[in-house]
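Student: Letter by letter, the chains look like this.
There are 2 protein chains.
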Amino acid sequence: MERLPGFRDFYPEPLPSRDAGWSFEARQYVFNKWRETARRYGFREYDGPPLESLELFTTKSGDEIVGQLYNFTDKGDRAVALRPEMTPTLVRMIAAHERNYKKPIKWFAIPQLFRYERQQKGRLREHFQFNADLIGEADPAADAELIALLIDTLRAFGLTEQDFVIRLSSRNAWHEFYEGRRQKAEARSDADHEYEFFQTIDKLERTPPEESEKKLATLGSSLADVNQFIESGKPTTELQSILDNLTARGLREYVKVDYHVIRGLAYYTGVVFEAFDKKAEFRAIAGGGRYDNLVKLISGGKVDLPALGFGMGDVVLLELLKARSLLPKFAAVVDVFVLIEDESLRDQSLKLIHDLRAAGNVVEYSLTPAKADKQFKRAQELRAAFTVKFESDLKARVKNLKTREENIVAIGEAVTLLKREL
Amino acid sequence: MERLPGFRDFYPEPLPSRDAGWSFEARQYVFNKWRETARRYGFREYDGPPLESLELFTTKSGDEIVGQLYNFTDKGDRAVALRPEMTPTLVRMIAAHERNYKKPIKWFAIPQLFRYERQQKGRLREHFQFNADLIGEADPAADAELIALLIDTLRAFGLTEQDFVIRLSSRNAWHEFYEGRRQKAEARSDADHEYEFFQTIDKLERTPPEESEKKLATLGSSLADVNQFIESGKPTTELQSILDNLTARGLREYVKVDYHVIRGLAYYTGVVFEAFDKKAEFRAIAGGGRYDNLVKLISGGKVDLPALGFGMGDVVLLELLKARSLLPKFAAVVDVFVLIEDESLRDQSLKLIHDLRAAGNVVEYSLTPAKADKQFKRAQELRAAFTVKFESDLKARVKNLKTREENIVAIGEAVTLLKREL
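Sequence order for the protein chains is Y and D.
Its first residue numbered 0, the first sequence is counted upward by one per residue in numbering that gives the first Met the number 0.
Its first residue numbered 0, the second sequence is counted upward by one per residue in numbering that gives the first Met the number 0.
No lab work stands behind these hints, which were simulated from the structure alone.
Among the clues, some could well be false.
No copy labels: a pair is met if it fits in one copy or bridges any two.
[What the hints assert, rightly or not] For lysine to any residue, the following SDA-like pairs were computed, each having C-alpha atoms within a straight-line distance of at most 20 Å:
| hint | residue 1 | residue 2 |
| --- | --- | --- |
| 1 | K102 | K202 |
| 2 | K376 | K398 |
| 3 | K32 | E44 |
| 4 | K74 | S52 |
| 5 | K321 | S52 |
These numbers come from a predicted model, not from an experiment.
Given only the sequences and the hints, what does the whole structure look like? Please build it.
Tutor: Next up, the structure:
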């Protein structure tokens, strides 16, 4: 029986065949870095259900999203879906209990997310995403804090300003641009078409110029006008204050204003940003921005809080880390391998194994009788730091497999010795 | 919008209202203990997809299980289901790549599992389960190693032999019992009805005696006969060797032979066991046993390996730990709160905040200008260990909020000082 296409198995270590999936140890390495960095920034971890009512997602993203969801009707006749993103769950949780929290609320999560995408070679239908959100603060200082977290998270993996850049932009800047042109232009270019304009900007880099030109003309602008605005790259007051804040932290070199970025989703309201590898070999590493209206929308008007956040998936990040040789070699850790060469000493050995484990060591041994050389070979395969074996009823031989140093000590001391040495 | 019934939100800390869900910090505490103990025993972590083909689960458990599953047809017309248990995924993964692994294979996982149960007050439809499995070793020494892990896992939470007991049993013992009676009995009591007999034993404690009596008569036995066997509690050779092994480790007092336990599922083949709280206030804390035929079944005969494992859910465990006051008070950790009393020093403060975080500290501050007393109050609410503020361009005042000790140091030294002190 096979696993479903687009899903991954996480074997403890990488397997010889690439097809065999991903390794749990690499995943855990990434999760731990995400956690450590978020915590240093004062973000606290939460989680919600991987299954939610379908309505939670359509309220936020419209009915078009259903085509990309793992959605179904459960045995209680509820329309439900596996979560394709975390923000709706976060906002639902915040809206239900926001009065328990001082603002700003700084939370993060590492959910597994699911999208049913038409099968493409190697395209995944699930991934893990680091989500950090800051709720209840409208000041650009909050945007700067979140972008600093994004930068430091990538730096925690050993990535430098040679490797990645944050492209910083703002829907407010484009709003002003659009409003300026609109007032001079024809009927169709009204406020209702602003999102249509945003989408045209979003697709600019992957649309033939003639097509963009035609579209922009109907929206009161022109390709030359738009390109000039992008090339100027002049920060708005809001963006400048974020840049100044990041400069103070020593992080200015990681960010550039780039008005190409506007983010596709309808709900972004202000500053938006994306992280890219500088060689542009991969898709975006992370993306986010302000969504000041979403809490109000999802809470049905009950709660109104400004908010912003970003998401960083594990797949592009892992590919980038591999390409830059930044994934450490993980060593399976076995601290002590207990050799049982004399079966009459098995019971004493089991006691010793138990004591060594209680002292915090990872301990392995042969469950069944085996030849001495076979046991020692196994200890080496497992890259054990030490072997221990009984020399007599009272003495144990402790061997450091790296230095080859050996000591014969009283049994009681072996545990103390290894506790100290490891 | 509400979360689905039977699902939990994990807020960072417990909320005043019980309804608000569970806390992420308690969940993480439990996961960390599970991980630490499993690692000391040399078990390595893996994971698989939460969504699998429906066939994987029906092959193992029969079509009856479908009524309890979150199953549906995906957009590619595949019959799929959210995993109700981890073993089928584990066995699928092992069967696909077993040649890469020396035996025995010792793996663990902490999957979230899903079951659509008829809605009962407070009954959950998802939970997390610690799964530890040992594959490729038929000797009872493997059973002892796994049971020792189960015991030490519960001990890691502070539970003692006053709190829990492992009820140890064996289908082999019941097999011998059944075979002995069968040979003397009527037609219906044949080998095909052995599983029917096992199920009768499994339900013995919750079935009226007359009913059990009637059923057992058709299977060549009697209630008196069965009860006498249970009361004798005489360990088989296999169980005795497990008890001796656990005795050597100093864990004998945690186990008792109890032939009431036989486990409901069809696929168990030998030793079976369950962990219970001694006051019998809760459902089983954990359960497991040997499933020597399952790898062969799920791999379609390709791979044949003896195996055994156990599962321990988070829900009963957390209830038990709460009832025994063994859940620690979790303190939100903020190492340093940086006070910004003079806005002209905000940029320098941002630099200091960044350096303190780079030195490994959890650092908080007010994102926007705020009165000095309000900032200090916030630092206290967050139970910060230290506050730091600029005294001048060059000096910082470091205050230990516990001891109230204050030091004025050069800015450069503040980071070194706090790195050392924390």
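Student: For each hint, tell me whether it holds in the structure or not.
Tutor: Status of the hints after comparison with the structure:
1. K102 with K202: neither (36 Å within a copy, 54 Å between copies)
2. K376 with K398: Only inside one copy: K376 and K398 sit 14 Å apart there, 55 Å across copies, limit 20 Å.
3. K32 with E44: This pair counts as both: shortest intra-copy Cα distance 13 Å, inter-copy 18 Å.
4. K74 with S52: For K74 and S52, both the intra-copy (13 Å) and inter-copy (18 Å) Cα distances are at most 20 Å.
5. K321 with S52: So K321 and S52 fail the 20 Å test inside a copy (37 Å) and across (31 Å) alike.
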